Amino acid sequence: MTEFKLSRRGLMGAAAGLATLGTNRAFAQLAMPKDPVTLNIVDVAGNLALTQKAFEAYRKAKPNVVSKFTFTKAPAPELPGKIKAQQDAGRLDIDMVLTGTDALAAGIQQGLWLDLLGQHAAALPKLDDIYLKGAAMMQTLARGQGVVCAYYPSGPLLEYMPDKVKTAPTSVEELLAFTKQNPNKFLYARPANSGPGRTFMMGLPYILGDSNPKDPMKGWDKTWAYLKELGQNIEYYPTGTGATMKELGEGTRDIIVSTTGWDINPRVLGVVPKEAKITTLKNFRWVIDAHYMVVPKGLSNEKVAVLLDVMKFMLGKEAQAYTYDEGYFYPGPAVKDVPLSMAPAESQAAIKEFGRPEYEKLIAEVPLELPLEPEPMVAAFRRWDEEIGSKKTK
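The sequence shown lines up with residues -28 to -1, 1 to 366 when you count with mature numbering (1 follows the signal peptide of the UniProt record, and there is no 0).
No incorrect hints appear here.
Taking lysine-lysine pairs in the DSS-like style, the calculated list, with each CA pair at most 30 Å apart, reads:
1. 200 / 157
2. 200 / 190
3. 194 / 152
4. 138 / 249
5. 6 / 98
6. 324 / 308
7. 40 / 56
Just the calculated beta-carbon pair ranges, DEER-fashion:
8. 194 / 309: 38 to 44 Å
9. 247 / 97: 39 to 45 Å
10. 31 / 194: 48 to 54 Å
11. 98 / 272: 24 to 30 Å
12. 153 / 83: 49 to 55 Å
13. 272 / 50: 23 to 29 Å
None of these hints come from the bench; they were simulated from the model.
Values in this document were obtained by computation on a predicted structure and should not be read as measured data.
Glycine included, C-beta positions come from ideal geometry on N, C-alpha and C.
Put together the whole structure using the sequences plus the hints.
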């Protein structure tokens, strides 16, 4: 869901060198700074919508530790190269990155991130004790080098306008039949640039009963065949999810691919009519998603000490309650026992009006699956681009 913040704002009118580190000592030996520090946080996932208020709450609670947070946003693909260049030059000016699985994985492959759990687990809560099941699953993808700070079950869901679609499809067969009877009325965005798009792509192997849902090159025969047939009735593939929401709202499309957050938040914002409904396909499983806090290698021990304290705070229930936001990453909290009643009043009001009672049952009962690992995900994106989207993406 990395592209979301840029897209939704656009819709509304607007997206140390390693040598100096050595091997970090245990947290007990990391002294907090004598004077408050400024922390520079870069967001490549749209996560600040969920967490910025909580970061500011930390600053207000501990002005003797953090004098100021600076927040900047950057595209996920560009950030790892920038951090590596700063590390190589010994001039690291980024203290924390808020990321989805994309920059997390790229940084792991390039050796950019501090081994938070390997070196500093004692400074953090016991994650397995506090996390929801899905958040604990997503934590395994971080290989100790990131900490999940927001979680949502994601999708794939179908979102539709009930005045246009009298009987919503509830199986892949029914969806295909709908597209044949209503050419160009179904839409999803290019998976490499769209959370809902990639969730739909990764979810189909489970729905279709493919031989290996984790192997897009050798185990997705049914999925690739289905996507090709579906594509015969799709006019084009937008490069981001925002365009699909806009076209659903304007009435150009009748059914689009969605997720819990993309369903709720654009209706809060008025991009999609409140009356839009969702449906699920038979045998679907949640392909879950999360945001992470990661710390680049090359910071002073004093900075690391502060960042660990900040992360501990961000995993507290009060801070986690902010992640409900206006449904953008619904539900949002990664830790257990954070009911909506703990969220700010505006979050409670938005979700009370635009949330869906059926989500509670779906979240409780539908099985959870991890997204693809980084290497097969890149392979799936490439294959989709070449075989499905090459002639119709714009």
